[in-house]
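If you're matching positions, the sequence shown starts at 1421 in my numbering and goes up one per residue.
Don't read these hints as lab results, they were simulated from the structure. A few of these clues could be false.
Claimed, not checked - Per label pair, the in silico range of CB-to-CB distance: (1) 1425 - 1485: 12 to 20 angstroms; (2) 1588 - 1478: 30 to 38 angstroms; (3) 1578 - 1423: 24 to 32 angstroms; (4) 1424 - 1452: 43 to 51 angstroms; (5) 1447 - 1426: 25 to 33 angstroms.
Stated by the list, open to error - DSSO-like mimics (lysine-lysine), calculated; alpha carbons at most 27 angstroms apart, straight line: (6) 1501 - 1490; (7) 1501 - 1486; (8) 1519 - 1424; (9) 1565 - 1424; (10) 1424 - 1486; (11) 1489 - 1565; (12) 1486 - 1498; (13) 1490 - 1565; (14) 1489 - 1424; (15) 1501 - 1489; (16) 1489 - 1423; (17) 1498 - 1423; (18) 1423 - 1565; (19) 1501 - 1423.
Note that the Cβ used here is the ideal one computed from N, Cα and C, for glycine as well.
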Amino acid sequence: VLKKSFPLIPHYYSIYLLDLSDRLVMKVLNVPVNEIGNYNVIANFGSYFSSFHMAVGQAIAPNMFKSIKKNDHENVNKVVKIYMFLTLCLTITFSIWCKEILHLLIRNNSLLVYYAWSVVIVMSYNYRPYYVLLNQYLSYNENVKYLPYFTFVPGIINLGLNFILMPFFIWAFLQKPLQG
């Protein structure tokens, strides 16, 4: 039992690593607290998309398991393509209307100049349909020992890249907002 369940621990904690590593690196780099707060407000839109993807992943999992069990890979492929299409439609729509959405939701004009950063964060969730596909196949075939290699290891790589690249992005975030 432990052989199959132990790899799930780093797998399930990898999402926290991905979501919090940027803020941790900012704190280590002594970014002013108010700027971390500005980033958190903008990054919340990524959290909304993350919650959406978690819900969709749970909703389509039973259908995918049935299709995998029947070796109906066409149906699995169809579901993932529809999921990917909807994901792209949502993220592109958000990207187009981001400035207007933020004007409706945020009353602090000093935060509104950072709206383009939320586009970058939200677009980073376009990987999720393929993650769900991989997760379903590995879970169904009880190959969960490989899940940390696809989730926790990239989280560690992300943390390392944050330490390397964050000083440049922080400078860009603090000095000049992305042009929209």
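Here's how the hints hold up against the structure:
Hint check: residue 1425 to residue 1485, Cβ distance near 18 angstroms, so the stated range 12 to 20 angstroms holds. For the pair residue 1588 and residue 1478, the supplied restraint of 30 to 38 angstroms holds, since their beta-carbon distance comes to about 37 angstroms. Restraint check, residue 1578 to residue 1423: a C-beta distance of roughly 27 angstroms satisfies the suggested window 24 to 32 angstroms. Range check, residue 1424 to residue 1452: Cβ separation about 46 angstroms, and the 43 to 51 angstroms hint holds.
One distance hint, 25 to 33 angstroms for the beta-carbon pair residue 1447 and residue 1426, holds here, with the actual separation near 30 angstroms. Between residue 1501 and residue 1490, the direct Cα distance comes to roughly 19 angstroms. Compliance with the 27 angstroms bound is thereby established for this hinted pair. The suggested pairing of residue 1501 with residue 1486 holds, with an alpha-carbon distance near 17 angstroms, which does not exceed 27 angstroms. Taking the CA atoms of residue 1519 and residue 1424, the gap is near 46 angstroms; set against the 27 angstroms cutoff, the hint is violated.
Between residue 1565 and residue 1424 the CA atoms are separated by roughly 7 angstroms; this keeps the pair inside 27 angstroms, and the hint holds. With a C-alpha separation of about 21 angstroms, the suggested pairing of residue 1424 with residue 1486 holds against the 27 angstroms cut-off. For the hint pairing residue 1489 with residue 1565, the CA-to-CA distance comes to about 20 angstroms; that is within 27 angstroms, so the pair holds. For the hint pairing residue 1486 with residue 1498, the CA-to-CA distance comes to about 14 angstroms; that is within 27 angstroms, so the pair holds.
Note on residue 1490 and residue 1565: the hinted pairing holds, with a Cα-Cα distance of about 23 angstroms set against a maximum of 27 angstroms. Proximity of residue 1489 to residue 1424 is assessed by CA-CA distance (about 20 angstroms); at most 27 angstroms being required, the pair is judged to hold. A distance of roughly 19 angstroms separates the Cα atoms of residue 1501 and residue 1489; the hinted pair therefore holds under the 27 angstroms criterion. Only pairs whose Cα atoms come within 27 angstroms are accepted, and residue 1489 paired with residue 1423 is accepted, the gap being roughly 23 angstroms.
Restraint check: the Cα-Cα separation between residue 1498 and residue 1423 comes to about 33 angstroms, which exceeds 27 angstroms; the hinted pair is violated. A C-alpha spacing of about 8 angstroms is found between residue 1423 and residue 1565, which places the hinted pair at or below 27 angstroms, so the restraint holds. Taking the CA atoms of residue 1501 and residue 1423, the gap is about 33 angstroms. The hint is violated against a cut of 27 angstroms.
Violated hints, listed in ascending order, are 8, 17 and 19; each of the other numbered hints is respected by the structure.
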